Amino acid sequence: MSVSHLETSDVDDVDDRIRRISSTIRVIPDFPKPGIIFQDITTLLLDHQAFKDTIDLFVERYKGKNINVVAGVEARGFIFGPPIALAIGAKFVPMRKPKKLPGEVISEEYSLEYGTDIMEMHVGAVQPGENALVVDDLIATGGTLCAAIRLLERVGANVVECACVIELPELKGRERLADKPLFVLISS
Amino acid sequence: MFAEENGLRGDPRLREIFEAIRVIPHFPKPGIMFQDITPLFTNPQVFKHTVDIFVERYRDKGISVVAGVEARGFMFGPSIALAIGAKFVPLRKRGKLPGEVISEYYDLEYGKDCLEMHIDAVEKGDKAVVVDDLIATGGTLSAAIKLIERMGAEVIECACVIGVPAAMGQKRLNGRPVYMLVEPKDFQG
Numbered sequence: 000m001s002v003s004h005l006e007t008s009d010v011d012d013v014d015d016r017i018r019r020i021s022s023t024i025r026v027i028p029d030f031p032k033p034g035i036i037f038q039d040i041t042t043l044l045l046d047h048q049a050f051k052d053t054i055d056l057f058v059e060r061y062k063g064k065n066i067n068v069v070a071g072v073e074a075r076g077f078i079f080g081p082p083i084a085l086a087i088g089a090k091f092v093p094m095r096k097p098k099k100l101p102g103e104v105i106s107e108e109y110s111l112e113y114g115t116d117i118m119e120m121h122v123g124a125v126q127p128g129e130n131a132l133v134v135d136d137l138i139a140t141g142g143t144l145c146a147a148i149r150l151l152e153r154v155g156a157n158v159v160e161c162a163c164v165i166e167l168p169e170l171k172g173r174e175r176l177a178d179k180p181l182f183v184l185i186s187s
Numbered sequence: 000m001f002a003e004e005n006g007l008r009g010d011p012r013l014r015e016i017f018e019a020i021r022v023i024p025h026f027p028k029p030g031i032m033f034q035d036i037t038p039l040f041t042n043p044q045v046f047k048h049t050v051d052i053f054v055e056r057y058r059d060k061g062i063s064v065v066a067g068v069e070a071r072g073f074m075f076g077p078s079i080a081l082a083i084g085a086k087f088v089p090l091r092k093r094g095k096l097p098g099e100v101i102s103e104y105y106d107l108e109y110g111k112d113c114l115e116m117h118i119d120a121v122e123k124g125d126k127a128v129v130v131d132d133l134i135a136t137g138g139t140l141s142a143a144i145k146l147i148e149r150m151g152a153e154v155i156e157c158a159c160v161i162g163v164p165a166a167m168g169q170k171r172l173n174g175r176p177v178y179m180l181v182e183p184k185d186f187q188g
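Going line by line, the protein sequences match chains A and B.
Take numbering that gives the first Met the number 0: the last position of the first sequence gets the number 187, and nothing is skipped along the way.
Take numbering that gives the first Met the number 0: the last position of the second sequence gets the number 188, and nothing is skipped along the way.
Chain A with its partners taken away, still in its complex shape (with noise of 0.2 Å):
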């Protein structure tokens, strides 16, 4: 996480936060498939100050920078998204699994480790220009954010960054979304 735009007990103060939100994540082997060392952000959620703390420093990085649309993944982004859209005055879009947006949709498909998945957003949610985020609770292999910043950019978007809470690097999701940024408040 870059702190170059922070002064020296700034960065204190958000080294301490990031250390507590760290602290409340629950790791999980085998899920869901043995192997599988599973990143749980629900007992984050239990902590009040954890919770805020994690959604302020979202905040803090893009409130007043033009962002128009806050783009989340189905459902953990679902739980992320609308806080940091309703502080920095952004619309939420979400993006879902297919047949869930009732409306006319743009779909997407993307790979998983086996087979692919499909990725939908209402037609008409984004307009043309707007500078959009795109968030999640984890960035993995980078397959599922790649398919949201290019439905995004089929509408003509400005996907300025992707947002999560968690990075997994040795999935390489960075190198996935190019030249696309990624900000992450814990590499774990």
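If you're looking for bench data, these hints aren't it; they were derived computationally from the structure.
Treat the hints loosely; a few may be bogus.
[To be verified] Computed far set for chain B versus chain A, every beta-carbon distance over 10 Å:
(1) Met0
(2) Arg56
(3) Glu103
(4) Gly138
[What the hints assert, rightly or not] Cross-link-like lysine-lysine pairs, in silico, DSS-like; alpha carbons within 30 Å at most:
(5) Lys123(B) / Lys98(A)
(6) Lys28(B) / Lys51(A)
(7) Lys28(B) / Lys96(A)
(8) Lys98(A) / Lys145(B)
(9) Lys60(B) / Lys96(A)
(10) Lys96(A) / Lys92(B)
(11) Lys47(B) / Lys99(A)
(12) Lys92(B) / Lys47(B)
(13) Lys171(A) / Lys62(A)
(14) Lys51(A) / Lys95(B)
(15) Lys123(B) / Lys145(B)
(16) Lys123(B) / Lys95(B)
(17) Lys111(B) / Lys126(B)
(18) Lys62(A) / Lys47(B)
(19) Lys171(A) / Lys96(A)
(20) Lys126(B) / Lys92(B)
(21) Lys28(B) / Lys145(B)
(22) Lys123(B) / Lys60(B)
(23) Lys145(B) / Lys60(B)
(24) Lys47(B) / Lys64(A)
(25) Lys184(B) / Lys47(B)
(26) Lys95(B) / Lys96(A)
(27) Lys98(A) / Lys126(B)
(28) Lys184(B) / Lys98(A)
(29) Lys95(B) / Lys99(A)
(30) Lys60(B) / Lys28(B)
(31) Lys96(A) / Lys145(B)
(32) Lys47(B) / Lys98(A)
(33) Lys64(A) / Lys179(A)
(34) Lys184(B) / Lys51(A)
(35) Lys184(B) / Lys99(A)
(36) Lys92(B) / Lys99(A)
(37) Lys96(A) / Lys123(B)
(38) Lys92(B) / Lys184(B)
Predicted, not measured: the structure shown is a model, and the values here were computed from it.
Backbone N, C-alpha and C define an ideal beta-carbon position, used for all residues, glycine too.
Fit chain B to the known structure of chain A by using the hints.
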């Protein structure tokens, strides 16, 4: 109960919230007039009004938990929880929560569905509000109430943006009240 009957008569925010709802006919299947709340979120002012109304109602009341039903309850619940100093507890479909869970099955029109909660999310002494976008038959919200009360916490109220006519008669769910902002909109072909 509806917000208008409960101190918010003439509140212009309710009108704006109602106007923002989009009706999609025959989704997910013929005969259902789906109440789409996503336009509420593409208007930051209306989204703020929605959260504000719930926050005004629930702050300083000792509410320690806001539980949100997957997935549209996730869009509202956390902002309310943050504003009133409560925990946010996601209630999810089967198999999504990674830790140890309790499960509650409930009836659908055809078949059953399942809602789960982490066992350590709430405890005796917690006072909870359950949030979802809409109440229809009340099946999902009843299951949510049961999950929370099985762990010894108390559900003070359910909070929904929209209340469909069928729910208006059954104002109490397992003995708990439901607070709704607006009625469903008709489809203007």
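Hints, verified against the model:
{"no.": "1", "hint": "Met0", "verdict": "holds (25 Å)"}
{"no.": "2", "hint": "Arg56", "verdict": "holds (17 Å)"}
{"no.": "3", "hint": "Glu103", "verdict": "holds (17 Å)"}
{"no.": "4", "hint": "Gly138", "verdict": "holds (19 Å)"}
{"no.": "5", "hint": "Lys123(B) / Lys98(A)", "verdict": "violated (38 Å)"}
{"no.": "6", "hint": "Lys28(B) / Lys51(A)", "verdict": "violated (39 Å)"}
{"no.": "7", "hint": "Lys28(B) / Lys96(A)", "verdict": "holds (18 Å)"}
{"no.": "8", "hint": "Lys98(A) / Lys145(B)", "verdict": "holds (29 Å)"}
{"no.": "9", "hint": "Lys60(B) / Lys96(A)", "verdict": "violated (37 Å)"}
{"no.": "10", "hint": "Lys96(A) / Lys92(B)", "verdict": "holds (14 Å)"}
{"no.": "11", "hint": "Lys47(B) / Lys99(A)", "verdict": "holds (24 Å)"}
{"no.": "12", "hint": "Lys92(B) / Lys47(B)", "verdict": "holds (28 Å)"}
{"no.": "13", "hint": "Lys171(A) / Lys62(A)", "verdict": "holds (28 Å)"}
{"no.": "14", "hint": "Lys51(A) / Lys95(B)", "verdict": "holds (24 Å)"}
{"no.": "15", "hint": "Lys123(B) / Lys145(B)", "verdict": "holds (14 Å)"}
{"no.": "16", "hint": "Lys123(B) / Lys95(B)", "verdict": "holds (24 Å)"}
{"no.": "17", "hint": "Lys111(B) / Lys126(B)", "verdict": "holds (28 Å)"}
{"no.": "18", "hint": "Lys62(A) / Lys47(B)", "verdict": "holds (16 Å)"}
{"no.": "19", "hint": "Lys171(A) / Lys96(A)", "verdict": "holds (23 Å)"}
{"no.": "20", "hint": "Lys126(B) / Lys92(B)", "verdict": "holds (23 Å)"}
{"no.": "21", "hint": "Lys28(B) / Lys145(B)", "verdict": "holds (29 Å)"}
{"no.": "22", "hint": "Lys123(B) / Lys60(B)", "verdict": "holds (17 Å)"}
{"no.": "23", "hint": "Lys145(B) / Lys60(B)", "verdict": "holds (22 Å)"}
{"no.": "24", "hint": "Lys47(B) / Lys64(A)", "verdict": "holds (20 Å)"}
{"no.": "25", "hint": "Lys184(B) / Lys47(B)", "verdict": "holds (20 Å)"}
{"no.": "26", "hint": "Lys95(B) / Lys96(A)", "verdict": "holds (14 Å)"}
{"no.": "27", "hint": "Lys98(A) / Lys126(B)", "verdict": "violated (35 Å)"}
{"no.": "28", "hint": "Lys184(B) / Lys98(A)", "verdict": "holds (22 Å)"}
{"no.": "29", "hint": "Lys95(B) / Lys99(A)", "verdict": "holds (17 Å)"}
{"no.": "30", "hint": "Lys60(B) / Lys28(B)", "verdict": "violated (40 Å)"}
{"no.": "31", "hint": "Lys96(A) / Lys145(B)", "verdict": "holds (28 Å)"}
{"no.": "32", "hint": "Lys47(B) / Lys98(A)", "verdict": "holds (27 Å)"}
{"no.": "33", "hint": "Lys64(A) / Lys179(A)", "verdict": "holds (17 Å)"}
{"no.": "34", "hint": "Lys184(B) / Lys51(A)", "verdict": "violated (34 Å)"}
{"no.": "35", "hint": "Lys184(B) / Lys99(A)", "verdict": "holds (20 Å)"}
{"no.": "36", "hint": "Lys92(B) / Lys99(A)", "verdict": "holds (14 Å)"}
{"no.": "37", "hint": "Lys96(A) / Lys123(B)", "verdict": "violated (36 Å)"}
{"no.": "38", "hint": "Lys92(B) / Lys184(B)", "verdict": "holds (27 Å)"}
In summary, the numbered hints that this structure violates are 5, 6, 9, 27, 30, 34, 37.
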